[in-house]
Amino acid sequence: MGFIEAINRLKRQTEACELNILVWGPGRNAGEHFEKRKKIKGEVCRCFPNADVCFSEDLDLTETLPGIDERDLVSQELWHLAVCDVCIVLDTSKGAGEEIAFYSRSPDAHKLLILTHERYESVTSFPSSLRKNQNQLFYNDQQYDTCNLVEHILSRIRTVALGKLGGFRL
Amino acid sequence: MEYVVEREEAIKRYVLGQLSENERYDIELRVLTDSDYFNELLLVEDELTDDLISGALSNHDQERVKRLFLSIPERRNKVGLTNAIAQYLSNSEERRWEETLREACKNRGLLDSLIQEDWMGLHILALLRSSSQRPSDLASKVKANKSTVSVVLNKLIESGLVEQKELLTCTERGTETLEKIEKSTGVRLT
Numbered sequence: 001m002g003f004i005e006a007i008n009r010l011k012r013q014t015e016a017c018e019l020n021i022l023v024w025g026p027g028r029n030a031g032e033h034f035e036k037r038k039k040i041k042g043e044v045c046r047c048f049p050n051a052d053v054c055f056s057e058d059l060d061l062t063e064t065l066p067g068i069d070e071r072d073l074v075s076q077e078l079w080h081l082a083v084c085d086v087c088i089v090l091d092t093s094k095g096a097g098e099e100i101a102f103y104s105r106s107p108d109a110h111k112l113l114i115l116t117h118e119r120y121e122s123v124t125s126f127p128s129s130l131r132k133n134q135n136q137l138f139y140n141d142q143q144y145d146t147c148n149l150v151e152h153i154l155s156r157i158r159t160v161a162l163g164k165l166g167g168f169r170l
Numbered sequence: 001m002e003y004v005v006e007r008e009e010a011i012k013r014y015v016l017g018q019l020s021e022n023e024r025y026d027i028e029l030r031v032l033t034d035s036d037y038f039n040e041l042l043l044v045e046d047e048l049t050d051d052l053i054s055g056a057l058s059n060h061d062q063e064r065v066k067r068l069f070l071s072i073p074e075r076r077n078k079v080g081l082t083n084a085i086a087q088y089l090s091n092s093e094e095r096r097w098e099e100t101l102r103e104a105c106k107n108r109g110l111l112d113s114l115i116q117e118d119w120m121g122l123h124i125l126a127l128l129r130s131s132s133q134r135p136s137d138l139a140s141k142v143k144a145n146k147s148t149v150s151v152v153l154n155k156l157i158e159s160g161l162v163e164q165k166e167l168l169t170c171t172e173r174g175t176e177t178l179e180k181i182e183k184s185t186g187v188r189l190t
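Respectively, the protein sequence lines represent chains Y and D.
Under the working numbering, read the first sequence as residues 1 to 170, first letter to last.
Under the working numbering, read the second sequence as residues 1 to 190, first letter to last.
Hints in this document: simulated from the structure, not taken from any laboratory.
Every clue listed holds true.
Not everything, but these chain Y residues come out facing chain D in the computed CB check (under 8 Å):
#1 F3
#2 I7
#3 R9
#4 S106
#5 P107
#6 A109
#7 N133
#8 T159
#9 L162
#10 G163
#11 F168
#12 L170
Positions of the beta carbon are idealized from the N, C-alpha and C atoms, including for glycine.
For reference, chain Y alone in the conformation it holds in the complex (with noise of 0.2 Å):
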C-alpha cells in the first residue's frame, strides 16, 4: 500500500470514529447563539456520522445511573464530561462561562475544547488567567457568521479521533 492510499485508510478510520462529543453553551432562549451551538452540533454530526453529538440538556441520565439526583446538574454534568471525548463550548453566554470557571480544574479539563472569541485573546482578567492554558480556538466575527469557524472546529475533532485511534491523551 503506498502512502496515499495508507493516508487515505487513516482519513477514513478517523471520520468513522465513535466518538462522543458534548456541545456546551447558550441555551434555547439565546437566539443566533443558540442556532449557531445547533449548527456545530449539526456539521459534527454529518461529518462524524458515528459519532453521538449531545446538547447537555438533551441527556438523561437517570436511566443509566439509578438513583442519580435529577436536579443536581453539577454531577450530571461531571458525568458527561467524564465519558465524553471532547466538549466543544461556546463561550458566549453566562452559564457557558460559569460552566468554564467549574470545570477547568478538574480531571477532565483536557476534554475542554473553548471557543472564544479572539477580542479576549491578549486581556488580563479574572475570566482570561481561568482560560489560561486551557484548549482555546479563537474567533473573529467574520469566522463566526460564516462557516470558517466551523471548519476548524471540524479540524479538532479529526485530531480527537486521530488521538482516540492511536491512544493518545487529548
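Following the hints, put chain D in place on chain Y, whose structure we already have.
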C-alpha cells in the same frame, strides 16, 4: 523476653519525655551501648515525625513532640523536610489536572502537525522515516508547493518529530509516533 512492641513503646515514651528518671537512665545506657537499639530509637523518631505531619497524634502528644523535636536542630530539620515532602505531594495531587492539560496540549500539537494541510505532515514524516531527504526534494515528493511544505515542516520540527541538520530526518519520537498510530489502526505507512 522482651517484645518488640513493648520495646518500641518504651522508646516512644522516652522520646516523648514520659519516663521516670530511672527508666530514662536505663534507655540512655542501652542507646549508648547497643547500636541496634540506637537504630530503633531513630526509627521511632521518624515515625513520630510522620505522625506529627499527618496529624495522627493526639493533641497532647502533638504538643509534646513539637516542643521536643523543634527544640533540637537535627530533629527540626527532619520535621521541616518531611513537612515539605508532604506539602509537595499534596500539591502535586491537586495540580494533576495541570499536568494532564500540558500532556494533552503537547499531544494535540503533535497530531495537529500530522493532519494539517490534508494530512501532509503524516506523509512527510512517513517519507522521512523511510529515508532522510534534502528540503529541496521534499516538495516534489509530496506534490505540493514549497511554501506549504515549509509551513508543515516547521510544525513537525516544533513538535520534535523531525529534525533538520544537513538533511531532514525523522526523530526517534517521530518513529515512535508513527509506530503507535500504525499499531493501533492497523494501517502501515510504507
